[in-house]
Structures are given as structure tokens and as C-alpha cells.
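J.: Each chain is listed here by its residues.
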Amino acid sequence: MKRAYQFMLLLYPRDHRDRFAEEMAGVFEEARNERHYQGWAWYVRFAFWETAGLIGGAASAWLDRRPVPEASVSGAGHRTLPQEILEAQQRVDRNIAGMVHAISHHDYQGARRYSDEERQARENLRMLRIKYGLTD
Amino acid sequence: MRHVERQVETKPLTEPVLLILTSLANQPRHGYALLKDIEGLSGGRVRMSTGTLFGALRRLLEDGWIEPFEQVDTSRQKQAYRLTTVGRRQLQVELDRMRQLTRAGFARLRASEAI
Chain F
280 MKRAYQFMLL
290 LYPRDHRDRF
300 AEEMAGVFEE
310 ARNERHYQGW
320 AWYVRFAFWE
330 TAGLIGGAAS
340 AWLDRRPVPE
350 ASVSGAGHRT
360 LPQEILEAQQ
370 RVDRNIAGMV
380 HAISHHDYQG
390 ARRYSDEERQ
400 ARENLRMLRI
410 KYGLTD
Chain B
59 MRHVERQVET
69 KPLTEPVLLI
79 LTSLANQPRH
89 GYALLKDIEG
99 LSGGRVRMST
109 GTLFGALRRL
119 LEDGWIEPFE
129 QVDTSRQKQA
139 YRLTTVGRRQ
149 LQVELDRMRQ
159 LTRAGFARLR
169 ASEAI
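Chains F and B are the protein sequences, given in the same order. Following this note's numbering, the numbering of the first sequence begins with 280 at its first residue and continues without gaps. Following this note's numbering, the numbering of the second sequence begins with 59 at its first residue and continues without gaps.
Because the hints were derived from the structure by calculation, they are not lab data. C-beta atoms are modelled at their ideal positions from N, C-alpha and C, and glycine is treated no differently. Hints are supplied without guarantee of correctness; some may be wrong.
Said to hold, decoys possible - Okay, derived cross-link-like pairs now, DSS-like style, lysine-lysine, Cα gap no bigger than 27 Å in a straight line:
#1 F:LYS281 with B:LYS94
#2 B:LYS94 with B:LYS136
#3 F:LYS281 with B:LYS136
Said to hold, decoys possible - Non-contacting residues of chain B with respect to chain F, defined by C-beta distances greater than 12 Å in every case (computed):
#4 LYS69
#5 LEU76
#6 THR80
#7 GLY122
#8 ARG140
#9 VAL144
#10 ARG155
#11 GLN158
#12 THR160
#13 ALA162
#14 SER170
Stated by the list, open to error - Rough simulated footprint, nothing fancy, chain B against chain F, three-plus residues with beta-carbon under 8 Å:
#15 290–300
#16 324–335
Extracted from the complex, chain F is given alone in its bound form (with noise of 0.2 Å):
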């Protein structure tokens, strides 16, 4: 069951498993232990209650990662951006989407596809933002 807890961790954006998903599986396994005692009935409640835990986080941390809007930018003003780099933007905003529509929809393979063009995406755009001189 720890393999399937680790496998799930893949739904969630890098940063948050290169920060977190090691203590996550310690602390599952935990949890887990303890269950195992209480019987079966515990166990796959427990199961069951994991699995969507980890899903709704997972979809949460994707969109706790979108940026923010440029225009809504306290102080930001109302600059006009090149094309390029709303065009840019609203690519990682769809890969995004897909990736939350995918985790609901429990399509784990179409999430992983869909994390790596986010994260091309994400790359390309900041690529693009660094060529316009509007790196932070």
C-alpha cells in the first residue's frame, strides 16, 4: 500500500514532493501501522479516506501554484504584455486546468501528461519573460 501512496505522490506538483513527499509516506506509514491494528474495517476507511485526501490536496496544490494574473498585481498597473507571453501564459493556465479536470476524473496518466507540458509550458514562459526584461 506504501507503493500505491508513493505513486500517488506523482500527482502532485515537483516542488511540493521534492519538499514534502518523503515526510508524507513517513507519516502514511504511520498512520497505516496504527490502522493495520484496528481491523479491516479501519483499514479500508482508511484507505479510502487517504486516496482522497491525496487527490483533493493534489488538485489544490496545482492551483495554489497558478501565478498571478499580471493586471491584477497590486501596483502592477494596467501594462499591456506582448502576445507571446499571454499566449505563454494561457497555455500553463490550460495545462493546469486539464491536470485538476484529469485528478478528478481519477485519469492519473492523462494528469502526469499534463503535468509535463505544465511544466514545458511554465518553462517557455519563463524563457519568454526573461527575453522581455520582465523578470522579477
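Given the coordinates of chain F, assemble chain B onto it according to the supplied hints.
T.: The following block gives chain B in isolation, referenced to the frame of chain F:
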């Protein structure tokens, strides 16, 4: 001097956040200890999943309400967390709000019973 103090959150805290802050109020705790303490604090009503717990911990770390606490002889799997000054103030504000609400609620109940 630049004003760096964070503004106190005025919106009510979510239940997981309130429980985590309360659990950390008296001592630093690591993930599993938090789960167990929260279960005890809520009288067994709240059994938080690891996904919910670490989602809330991540946001609290990003907001600067909690911070990692280095303990001797602990692995990364046993990372402990403690309240920051900002987190402690947030908890105080929330508990004050709840106390006011509780007082008002009891006062109205007493008033209605007296009629």
C-alpha cells in the same frame, strides 16, 4: 524603517488550519504527532488525511504562520513545526473571535429561556 509586519488575516480560519495552529500552540510537533493531537483535540471527530494535513502545512509555511523546527536526532521524515509570532497572533485573533461568538450565543440562549 520599512514596515515588514504581516497583516493579521481577518477572515475566519478553516477548521484544519485552526486545529493545526491550536495543536502547535504549546509545543512543536511533527506530522504524525499533529494528526494524533488533532484527533484528541477534536474528541475523535476530526481524522485528518495526510493530503489535507500537508496541504495546510504548506500554506501555513508559505504564509509564515509556522516554521520548521530543528530537533536533535530526527530524520527528514520527522520534520517538526512550530508557530511563528505571526501564527500565534492569528490564533489569538481567531480564538478571541470565537469567544465573542460563544458569549453572544449563550447570552441569546439564556435570554430566550428566560422568556
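J.: Hints first: check each against the structure and report whether it holds.
T.: A quick look at each hint next to the structure:
1. F:LYS281 with B:LYS94: Given pair LYS281 (chain F), LYS94 (chain B) holds - Cα atoms ~20 Å apart, limit 27 Å.
2. B:LYS94 with B:LYS136: Roughly 14 Å separates the two Cα atoms, so the pair holds.
3. F:LYS281 with B:LYS136: holds, 17 Å
4. LYS69: holds, 16 Å
5. LEU76: Label holds. Min Cβ-Cβ 17 Å, cutoff 12 Å.
6. THR80: holds, 19 Å
7. GLY122: holds, 15 Å
8. ARG140: ARG140 (chain B) is indeed farther than 12 Å from all Cβ atoms of chain F, at 15 Å.
9. VAL144: holds, 19 Å
10. ARG155: holds, 25 Å
11. GLN158: For GLN158 (chain B), whose nearest Cβ neighbour in chain F is about 30 Å away, the distance exceeds 12 Å, so it holds.
12. THR160: holds, 30 Å
13. ALA162: holds, 33 Å
14. SER170: holds, 39 Å
15. 290–300: holds (count 3)
16. 324–335: holds (count 7)
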